[in-house]
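Enquirer: Sequence:
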Amino acid sequence: RDRTWQRSMCDNGVYDDLVRPFIVDNIACQKNKGADMAIRRIIKMLQRMYRARPDAPIYGVHLDVKKYFPSTPHDELKAMDRERIKDKRFIPYLDEIIESSRDERPEEEIRMDPFGRRGTGLGSQINQLHQVSLLNELDHEMKCIVRSYIRYNDDFLILDHDINAVKRAKLVVQSHLEGYGLTMTDKAGVFKVQDGFYFMRKRFILKSTGKIILRLHPKALADERRTLRGLKRCMERGIRTM
Numbered sequence: 001r002d003r004t005w006q007r008s009m010c011d012n013g014v015y016d017d018l019v020r021p022f023i024v025d026n027i028a029c030q031k032n033k034g035a036d037m038a039i040r041r042i043i044k045m046l047q048r049m050y051r052a053r054p055d056a057p058i059y060g061v062h063l064d065v066k067k068y069f070p071s072t073p074h075d076e077l078k079a080m081d082r083e084r085i086k087d088k089r090f091i092p093y094l095d096e097i098i099e100s101s102r103d104e105r106p107e108e109e110i111r112m113d114p115f116g117r118r119g120t121g122l123g124s125q126i127n128q129l130h131q132v133s134l135l136n137e138l139d140h141e142m143k144c145i146v147r148s149y150i151r152y153n154d155d156f157l158i159l160d161h162d163i164n165a166v167k168r169a170k171l172v173v174q175s176h177l178e179g180y181g182l183t184m185t186d187k188a189g190v191f192k193v194q195d196g197f198y199f200m201r202k203r204f205i206l207k208s209t210g211k212i213i214l215r216l217h218p219k220a221l222a223d224e225r226r227t228l229r230g231l232k233r234c235m236e237r238g239i240r241t242m
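Quick note: the sequence shown uses the numbering used here, first residue 1, plus one each step.
This list has only true hints and no planted wrong ones.
In silico lysine-lysine, DSS-like type, Cα no more than 30 Å apart, as pairs: (1) K88 / K78; (2) K86 / K31; (3) K31 / K143; (4) K33 / K187; (5) K66 / K78; (6) K44 / K187; (7) K192 / K143; (8) K192 / K219; (9) K86 / K143; (10) K192 / K44; (11) K170 / K192; (12) K33 / K44; (13) K170 / K202; (14) K187 / K170; (15) K192 / K66; (16) K143 / K78; (17) K33 / K219; (18) K66 / K44; (19) K33 / K211; (20) K232 / K219; (21) K167 / K211; (22) K67 / K31; (23) K170 / K67; (24) K78 / K67; (25) K67 / K143; (26) K170 / K211; (27) K66 / K202; (28) K192 / K33; (29) K187 / K143; (30) K202 / K31; (31) K187 / K67; (32) K31 / K88; (33) K44 / K211; (34) K232 / K202; (35) K66 / K170; (36) K167 / K187; (37) K207 / K33; (38) K33 / K67.
If you're looking for bench data, these hints aren't it; they were derived computationally from the structure.
Please model the entire structure based on the sequences and the hints provided.
Expert: Here it is in structure tokens:
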């Protein structure tokens, strides 16, 4: 029952205030956005970069945040809410939701941490929105450094014709995350887009003709096969119909 008022507060009270400053390519956990849009945006970015310089290589890097939800400091989220939420009557309730996520570390470790208590829960709608909102300033900064950039919650994809711009952007991401007490993970190092790369459980391949081929990630393919085998066994035992 507590989720009913949380959802109403999120949809009718704080959603617009939190998402208003977002860039278009901050895509997760929002109305009319999601994984399908992220894939379409990446394809559009690759097409635009290829047409601008057909013979030039495109470099990229795939980054994410190590244990993003468990590592997010409570104080940073509270400060963000006080800055962006216009109706201050919501602040005590938002603070209560943030504090309700228990920090699993020993109390001594928490006291020694300069960022204090950390962690938000995965299930709450407002927690999802908080996590997407926290790195908004970084998103705007990245748009000024590289030609193409997209973020899906804690997954970053950075693309540019200039390999030095990609490396500089990577350092900016790392520095910004450290300012929040977060740790960056480099998924694959700096790669050449023409060799293919993985993002959103998909493999993107840019051909020399400009054609973009999309393939399932091997792990996603294995998961699909496992699901189908399970459904087949259920059908053979009469639990499910075709």
